[in-house]
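Line by line, the protein sequences are chains A and B.
Per the working numbering, numbering through the first sequence is continuous, rising by one, with the last residue being 392.
Per the working numbering, numbering through the second sequence is continuous, rising by one, with the last residue being 1233.
One thing to keep in mind: the hints can contain errors.
What the hints assert, rightly or not - Taking CB as the label site, the calculated pair distances span:
#, chain 1, residue 1, chain 2, residue 2, range
1, B, 1052, A, 370, 28 to 38 Å
2, B, 984, A, 104, 37 to 47 Å
3, A, 374, B, 1086, 34 to 44 Å
4, B, 947, A, 155, 24 to 34 Å
5, A, 270, B, 862, 36 to 46 Å
6, A, 273, B, 947, 45 to 55 Å
Bear in mind the hints are in silico, worked out from the structure with no lab data behind them.
These numbers come from a predicted model, not from an experiment.
We treat Cβ as the ideally placed atom computed from N, Cα and C, and that holds for glycine.
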Amino acid sequence: MFQHLYRFRLKILLQRRDLLFWTLMFPLILGWFFQAAFGNIDNAEVVTASDVAFVGQAAPEESQFAKALSSIDNQGTALFKPVSMSEKAAQQALEEGEVSGIYYFSDQEISLQINSDQTPQKLLQAFLDQFLQQQNLLAQITATGQTVSDEQLAKFLEPTNYLQTDGELSANDQKSFYFFTLIGMACMLGFLWGLKNSVDEQADKSARGIRFSLIPANKLLVNTANTCAAFTIFFVEILLVIGFFNLVYQVNFGSRWQWILVVAALGSYNALVLGAFLANRLKIPLLQQENVGLAFTMLMSLFAGMFGSYPRDLIAEYLPFLNYLNPVNLISESFYQLLYYQSLDSFYVNLFCLIALAALLSLSEFLFERRAQYEYL
Amino acid sequence: MSIFKAMLYIIKKNRWSLLLIVLINVVISGFNARNFTDNPTLDLTNSKITIYNHDQGDIGQSLSDYLASQSTLVTLADNQKARDDALYFGKTDYILTIPADFSENFLLGNMDATLAVQTQPGSFGTSFLETRVNQYLNTLQTLNEVQPEETLPVLLKQTAENLKITGTLVSDSTYAENNWRQTAANIYNLLAYGLFATIFSGIATIYLSFNRPEIRERNRLAPLSAKNFNGQLGKGLLLFSLVTLLVFLTYNFVITGMVFSFTTLLFCLSSCLFFLTAVAFSQLIAQLSKRDMVITIVNNIYILGSCFISGVLVPMEYLPGFVKNIAMFTPTYWFVDLNSQIAETSQYDSSFYQGATVNALILITFAIAFVVISRVLQKEKNQQFWSTLKNKVA
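Taking the hints into account, I'd like the entire structure generated from these sequences.
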């Protein structure tokens, strides 16, 4: 009986092209927009050389300063290129963003003009400070009559580097996180399958429900067969989405594929029972139930960081328990943890939350449907 | 009036899905509004740094104090997870670890006297921290070498004194204004999602209700001329759209600090031009659609998608050239571009007006094109309807 129900349910569900569109094609299309928008986001802070305007009289100090400025590099890439300009041209270049800043050289001082508070500007200020502090220190030492050996002077002018890059650097892969939130959202869109199942099972909501209520089979068996059929379709869709993101959009998922499959399966199941929950508890027409579900999914995605990490951080700071109730966040965070963390302790907490949510929603569905009776049937 | 009342009823019935779009827009705009600053000058000490000072000597503490005065100190739990999370989500920019034997090794001149640093790979971060830390330690080292007789506390004090010398920083006088214009532009750009999606959802829902075959045929038989019917419908839709525009503009005006300026006026004008294209586009698609699913598809794929590729949700400079080329076929791109032009210029000279006029004309052209297509299709649809009716009667 189970096999029969399962097989025919699969056939019925596969005819629903609108649901196939929302749960398979929609995430892939949105993925293209994500790839277009976030494809370059990891290069946003990447080092690129920028021009710095030099304005003022050509004093020996200026060439010394320019030489030192040109020597600043990051992993072999020179960060700044000094360019001599007139004051007017420099001002215009600064306003148009063609130069990071303007150094003014006069007899009395060197000053810096900037119009932004980003890292290059901070670096320009730090460099100016360093130059002036070195000059002052040298003058101070000479003034007190202390002698500075040539070796000390050379060492002073070419300072020792005391910093060492830590070997365990995090990868800069913001793009992956946005795609993880998208997978979280794609998983939750599976509520449409759950909604469809539930509507088809209830006699007061559909003709198919009346037919189901009359068959000589246990309701639990019918429900299980329907859920299994919907789960099979949706889980395959999610795997296709993950595979497509990985192979076509080059999203990095790491190497813990066995856990990724577990999270995808749990996420898919959560969506199905969420759909059933909405169908059972919301006493509004099907179309409005679908709209509420879609809106709810978008809201969960917003709070999981799909449109920027700030909403997610804000919730983590003030209402942290909400992050454990948000399946989109649980799924996307689990993917992130599987990619980055050596230890999986916090991942297990997320996994437990996903299991607990699924159990709660399943129990609610079971309690609602087990005693459903129809007066006029 | 009956048509108008029916429209009000439809909007009331669908108020929650419309309000949700408004809510998403309000939340994202609110998050953007946090970028407004009251500080009229630039603050370069806003880098976030985390220091794990395990040093048992005085140098670690004194270096930490110096770095704290140059940046904003962020405290984190001392484990790899906290470090990874903080760097990944931008809670901190640099993580510096000072080892336990640092003071000892440093004073002995050992090569082991190094500090471990973590930043986002490939960023400017390391260079910035390198400049500050190396300057501090090299100054201390030089003072130690030329004054070997001095005690460490004296050397640390001298180092701190020397590092108080800073260059003159000239903040651009228009910094605060530039920051306001840029943030305000980002907030007005979000109308490309919120305003557009709300207007489209409202207009499409109303059209879909009136376009249902049984309702449409009933209305054809009603003692109401087609002109009167369309007039009431048009006025109602226009009123709904104008109220929506007014609500969004008022909200934006409030969260951008209620600034009465020429720039605000330009942002409002730009929004009104975009509003025209949004209304015309919504009417065209709503007229063609027969199923409710169209609303969700257009909202989530066309409207949201065009926001992704036109620089609404992600800055335009991150987008590859071919994506921008595709985006040029949507009004959203020209709206965002117009707002960028308004935000980037402090002096509204002739070159600004020339550029802005081009964008404005393109937006108007989009609106006119949508209206013309809509009219042509409507005419064809009417002819088709009457010929079908005549055939049926015959």
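Comparing the hints with the structure gives:
no.: 1; hint: B:1052 - A:370: 28 to 38 Å; result: 48 Å, violated
no.: 2; hint: B:984 - A:104: 37 to 47 Å; result: 44 Å, holds
no.: 3; hint: A:374 - B:1086: 34 to 44 Å; result: 42 Å, holds
no.: 4; hint: B:947 - A:155: 24 to 34 Å; result: 25 Å, holds
no.: 5; hint: A:270 - B:862: 36 to 46 Å; result: 39 Å, holds
no.: 6; hint: A:273 - B:947: 45 to 55 Å; result: 50 Å, holds
In this structure, the one hint that does not hold is number 1.
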